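Could you slot chain B onto chain A? The hints should help.
Heads up: the protein sequence lines correspond to chains A and B, in order.
Quick note: the first sequence uses full-length UniProt numbering, first residue 1, plus one each step.
Quick note: the second sequence uses full-length UniProt numbering, first residue 1, plus one each step.
None of these hints come from the bench; they were simulated from the model.
Nothing here was measured: the structure is a model prediction, and the numbers come from that model.
Yeah, the Cβ is synthetic: ideal placement off N, Cα and C, and Gly gets one too.
Be careful, since some hints might not be right.
[Claimed, not checked] Selected chain B positions facing chain A (in silico; Cβ < 7 Å): (1) THR9; (2) GLY45; (3) TYR97; (4) PRO139; (5) HIS159; (6) GLY171; (7) GLU194.
Number of protein chains: 2
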Amino acid sequence: MKNIIIASTSTIHGSTYLEYLLETLETFFANAKTILFIPYARPGGISHDAYTAIAQKGLSKINKTVKSIHEFENPIEAIEQAEGIFVGGGNTFVLTYQLYKNNLITPIQNAVKSGTPYLGTSAGSNICGLTIKTTNDMPIVYPPSFNALALVPFNINPHYLDPDPTSKHMGETRETRINEFHHYNTPPVIGLREGSWLHVNESSIILNGPLTARIFEHNKTPYEVNPGTQLNHLN
Amino acid sequence: MKNIIIASTSTIHGSTYLEYLLETLETFFANAKTILFIPYARPGGISHDAYTAIAQKGLSKINKTVKSIHEFENPIEAIEQAEGIFVGGGNTFVLTYQLYKNNLITPIQNAVKSGTPYLGTSAGSNICGLTIKTTNDMPIVYPPSFNALALVPFNINPHYLDPDPTSKHMGETRETRINEFHHYNTPPVIGLREGSWLHVNESSIILNGPLTARIFEHNKTPYEVNPGTQLNHLN
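The following block holds chain A by itself, in its conformation from the complex:
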């Protein structure tokens, strides 16, 4: 019954919040009038209220009401009763910290298993993987674990960025970082470029959007896959 959208980003360059996904979301959230928003990742440190207003503005274009988890007295009940869940981007460490603090890991896993549609963007997508060990974010808070929701049997690298051959900067490229990950961990990593998303539907995992994605498997040369590719064999 799993039904998940794992999007690299909420916003692509030159367009408004969630705009490129709205047509897809209209179908995806067809049976949900109200979407439970999880604002914990706080992009730029903004308040939960301010972030919720952004999500509401984006989703009002497809006539959804957004209610944020911080407005509920009991966040676990909020998850259990949600018609649809949207976890927005921001800082993955802050998001993970808050999910553990509010004991929401298992409730979200159970809700998704029982069919509640889950939309994640950026940090909200990162936590769909096995761990947050392939986040690009700064570790500004210390979460009790790097283990994430494990809704898919691999890791996500959102905002995947190709190496810039003209750069004189000596910091690591994204590919170098993911290769380093594989010195200590074996799960595959999907590098999702901005504009790409995975649609998980029960046991099917399909790459969507106009771009290829880069797949990093342990002890293999990284390779590209085209939109429409079935990725459920990766684990």
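What follows is chain B alone, placed relative to chain A:
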């Protein structure tokens, strides 16, 4: 008695390993014939032996012998007896994990307090700060704490990178990330560009190299400081 060089990077574009620092290091390590190398950060996941060979090649130009901590049976004794310490770059999480695993945090702090010169580059500089919460690295292993050596009373962001006004990438800029850090933490952060280093000499902390550094203080607008600036008031 503290004597520390905190360098943004080991290597600047178009030059060899440590080359831009060698003149400085000749004076800095004047009383050390043998340098104790700490290869734990394993850049690109290379072996301790391979990394030690790179450090040896760099420092042989100023006639230093490099011995790596992984060659000692007792790493704590290695620290206590070192004439000089060099902690190389790589992954800050891997480095921090290994320092805790080998119980080296306190021995290194004590050695530095008693006057052993300490050179850090990149990850080896990051850990000189209060925490590793302003690293750029991917969290590929889970360390028991984000607390670092606290040899200086602020945090370091090595490889500091200015925002690229032409970029269409929607991932956070470095400045955005450090500002997010300050939503959850109060210590100042020094953004050290490649080619810059801090020289800590007892209570003096001076910016060196050809470039300005960017200083981020809690609840203040970030600002630039020139080479030669005394930074010991930051805390």
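### Query
Which hints from the list above does the structure break, by number from lowest to highest?
3
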